[in-house]
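2 protein chains.
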Amino acid sequence: MADKITSRDINYSEWYNDLVLQSGLAEYAAVRGCMVIKPHGWAIWENMKSILDKMFKDTGHVNASFPLLIPKSFLEQEEGHAEGFAKECAVVTHYRLKTDPDRKGKLIVDNESKLEEELIIRPTSETIIWNCYKNWIQSYRDLPILINQWANVMRWEMRTRLFLRTSEFHWQEGHTAHATKEEAVEETVKMLNVYADFMENYMAVPVIKGVKTINERFAGAEDTYCVEALMQDGKALQMGTSHFLGQNFAKAFDVKFLSKEGKLEFAWATSWGVSTRMMGALIMAHSDDNGLIIPPKLAPLHVVIIPIYKNEEQLKTITEKADAIMKALKAKNISVKFDDSDQNKPGWKYAEYELKGVPVRIAMGMRDIENNTVEIARRDTKEKSVVSADGVDAYIENLLNDIQQNIYNKALSYRNNNLHEVNTWDEFQIQIEKGGFISAHWDGTGETEEKIKEETKATIRCIPLDAKEESGVCVYSGKPSERRVLFARAY
Amino acid sequence: MADKITSRDINYSEWYNDLVLQSGLAEYAAVRGCMVIKPHGWAIWENMKSILDKMFKDTGHVNASFPLLIPKSFLEQEEGHAEGFAKECAVVTHYRLKTDPDRKGKLIVDNESKLEEELIIRPTSETIIWNCYKNWIQSYRDLPILINQWANVMRWEMRTRLFLRTSEFHWQEGHTAHATKEEAVEETVKMLNVYADFMENYMAVPVIKGVKTINERFAGAEDTYCVEALMQDGKALQMGTSHFLGQNFAKAFDVKFLSKEGKLEFAWATSWGVSTRMMGALIMAHSDDNGLIIPPKLAPLHVVIIPIYKNEEQLKTITEKADAIMKALKAKNISVKFDDSDQNKPGWKYAEYELKGVPVRIAMGMRDIENNTVEIARRDTKEKSVVSADGVDAYIENLLNDIQQNIYNKALSYRNNNLHEVNTWDEFQIQIEKGGFISAHWDGTGETEEKIKEETKATIRCIPLDAKEESGVCVYSGKPSERRVLFARAY
Chain A
672 MADKITSRDI NYSEWYNDLV LQSGLAEYAA VRGCMVIKPH GWAIWENMKS
722 ILDKMFKDTG HVNASFPLLI PKSFLEQEEG HAEGFAKECA VVTHYRLKTD
772 PDRKGKLIVD NESKLEEELI IRPTSETIIW NCYKNWIQSY RDLPILINQW
822 ANVMRWEMRT RLFLRTSEFH WQEGHTAHAT KEEAVEETVK MLNVYADFME
872 NYMAVPVIKG VKTINERFAG AEDTYCVEAL MQDGKALQMG TSHFLGQNFA
922 KAFDVKFLSK EGKLEFAWAT SWGVSTRMMG ALIMAHSDDN GLIIPPKLAP
972 LHVVIIPIYK NEEQLKTITE KADAIMKALK AKNISVKFDD SDQNKPGWKY
1022 AEYELKGVPV RIAMGMRDIE NNTVEIARRD TKEKSVVSAD GVDAYIENLL
1072 NDIQQNIYNK ALSYRNNNLH EVNTWDEFQI QIEKGGFISA HWDGTGETEE
1122 KIKEETKATI RCIPLDAKEE SGVCVYSGKP SERRVLFARA Y
Chain B
672 MADKITSRDI NYSEWYNDLV LQSGLAEYAA VRGCMVIKPH GWAIWENMKS
722 ILDKMFKDTG HVNASFPLLI PKSFLEQEEG HAEGFAKECA VVTHYRLKTD
772 PDRKGKLIVD NESKLEEELI IRPTSETIIW NCYKNWIQSY RDLPILINQW
822 ANVMRWEMRT RLFLRTSEFH WQEGHTAHAT KEEAVEETVK MLNVYADFME
872 NYMAVPVIKG VKTINERFAG AEDTYCVEAL MQDGKALQMG TSHFLGQNFA
922 KAFDVKFLSK EGKLEFAWAT SWGVSTRMMG ALIMAHSDDN GLIIPPKLAP
972 LHVVIIPIYK NEEQLKTITE KADAIMKALK AKNISVKFDD SDQNKPGWKY
1022 AEYELKGVPV RIAMGMRDIE NNTVEIARRD TKEKSVVSAD GVDAYIENLL
1072 NDIQQNIYNK ALSYRNNNLH EVNTWDEFQI QIEKGGFISA HWDGTGETEE
1122 KIKEETKATI RCIPLDAKEE SGVCVYSGKP SERRVLFARA Y
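Sequences listed follow chains A and B, in order.
Counting from 672, one number per residue, gives the positions in the first sequence under the working numbering.
Counting from 672, one number per residue, gives the positions in the second sequence under the working numbering.
Quick caveat, the hints were computed from the structure, so don't treat them as lab data.
Some hints could be false.
It does not matter which identical chain is used: a pair holds within one copy or between any two.
Said to hold, decoys possible - Here are the computed lysine to aspartate or glutamate pairs in the EDC-like style, where the Cα-Cα straight-line distance is at most 20 Å:
hint: 1; residue 1: K1016; residue 2: D813
hint: 2; residue 1: K1055; residue 2: E871
hint: 3; residue 1: K775; residue 2: E788
hint: 4; residue 1: K769; residue 2: E787
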């Protein structure tokens, strides 16, 4: 059994770290800022991937794979992009080690293997992909190109946190090319909606869809759409972004096509991505001081059955009954594990599976056998109930749906209770200390945005897509504003 | 439509390259030695991955993810391993670029970001994984650890060929830890058998299972098992390897555990991997001068339906009938595409789908509608037949099984016809020029192995697992030998 997890109330940040480590999701690697995603963590990520992958394919996208390394000169092509990305990245300068002639068994870099041009481990792949698209796009008939890539990327981060900010991380990056601006904008919004659908209906995390301010835009984008969620400590987390890139990358890499009308035009681009950062959001949105709470739709294991017995004969009787239940559950695509290991007591096992976030636990003892019942405990509310063993598979199928919905409802009600309309700067300063989203008027200038950030550490998370037009005055400058935007302190 | 593909007879190597490029599987990237795997190629690789992944999970393995970068000092830990791997690899020496003060818009490496210790892009992950296992393994209760990783790796190759040898490639690497030698050896062989099963029953490529000679062993292994196949040009290709690593990595990284008997012991290791190289094997084993031949079990698209029509009304009639067929096929999990694009003529489409290796083509014209028939062409033999539209789904289901089997049989018969027992050095020299495997006696010394390689470019592919004991004399040295080994020129 793991060490005690710091309580959320005492130190949320330590709670998070303890939880990730002790539930076996991930740990820090020997390489600074990188992590090892352990089997339990990777299994959740695999579930996320396979659901998203299907959603991408259902919306007409195909997968491909582009190189890990990018020539330095590619990053120089798109000015804004270089500013935003080129700076903190892993640089490959040599391609060979050799035995150190002076120290036995040691290796040194072979200076004769210096590369003519340095290579960068991709922080994102717009440049290398648009360099390919240049050869793939000649005519409007070649468009649209709807490609996604599942990949590892690297951004040299100075302050890292497991899943939330690591130097190497895993993600998917969609890169599409279109014949018209309208189509590219439509794609950008379509993928934002796919993300929101996934986050709400699978991760059980309610999100707010919006557009970033110019200050917060992706380097090289004309518009950055985003989905924002609230964590249990009242801080916001950007869950994913979808960028309308205009013709910036087509111009940088000279990607022109012959239009239907016979004119040479630059292609229109989008890119969109979500990453292992979502693992951090999943954990922080739902889990408690006892461990992980994983929505059933993403849980690697749905049900654990724990036998309570005094001797081999009792175990045999319970096992027989458990086998029948397992068979019925598996027929409903519910994954189940029977833990009859004799290394640990039932109480230890209860705690262990709570820590790991298994949504449903069944306990079966001799009294259950006599009464033809089982004891069922749900992970989200910790409620226990004794139910008939007959039809327990149908009961659990309903229960899993109920748990999925309950986890979402709980997160939604927390989010709604922590989203406040604020109309004065005094109010703003008080409210921001309490955490949560603040909906307030803003004068639309980067200057005001910067000042608010300096004074309160709050950033504009987004201009919500559903923000209604509403005349008002900026909460900071008093200048006129046409709609409210969403502020929060954020990860 | 693509350019003409060089015929296999004229230049096999050019045929391969033309085919990979024109069928849209992959192309060379802007980064030397790296490739872009295009959607059609990646879709086949995804199918391979998902089948293998299920096989690994069915044999008790779980997936995880370890860092891309490895500290240089890790490579120094295991001497043999360092010798074999550390040399040609991508070395990260800095972590920041900065704007060139002298040339506007250019970037240069920031010398202040030099790393204290260089990092290597993983050529394989034994070292970083065993550095983790050190913390994961204390007792026999922690064993076995059965972990697999799907990852990209990099080995700086000077001469590259698409899929067969590229600097960056994709693979899976299993890394297991065991309490006993017996269990580790068993695991090594088990995974070799999983590979052979996959290659024969999904890739339709017959393989010979064997053990590598000491010269050909993986750096750091005590035994390297392998699966070897024959390509259509008579050259062998190593399809995958499974290594028994003994206690070498446990000793290098000090991974000890308390045994059941209460003694501190070093753990036993295996590692095993197959890569995108299998894509090259798949292409070279089956395809022809018209394009790819993909076994149905790996084909991203099973059936294409091409309507033959003169006007919109005819197309409408054909479409209705095709819809019904598509529905029936999809119900049988057979993927199907209806290509009614008006950009190209049917003949162009026939050639295009042959090039891409779609196993079955259905053509439907007005005469088919009148007669309630469809014309079916199979890609492997190019045979055409006109069959009743009623029950065409069942017909195609059988046909796909038949194609899968036929492709395998053809490859098997080619392999068997090109595997010769040879007993004299003269014979050997003549036979090796004809291509294929040579089964011959060898004296068991690395010296003789080297000389044979120098004189004929033939290497010992493996000592087959099923090689029977048979007294003989080495084909080269005349010294005594106890069994035949398998020679070939290889990729």
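Status of each hint after checking the structure:
Within a single copy, K1016 and D813 get their C-alpha atoms only as close as 63 Å, which misses the 20 Å cut-off; across copies the closest is 18 Å, which meets it. With identical chains, the CA atoms of K1055 and E871 are never at most 20 Å apart, being 27 Å at best within one copy and 50 Å at best between copies. When the C-alpha separation of K775 and E788 is checked against a cutoff of 20 Å, the pair qualifies only between copies, where the shortest distance is 18 Å, while the shortest distance within a copy is 31 Å. For the homomeric pair K769 and E787, the shortest alpha-carbon distances inside one copy (19 Å) and between copies (18 Å) are both at most 20 Å.
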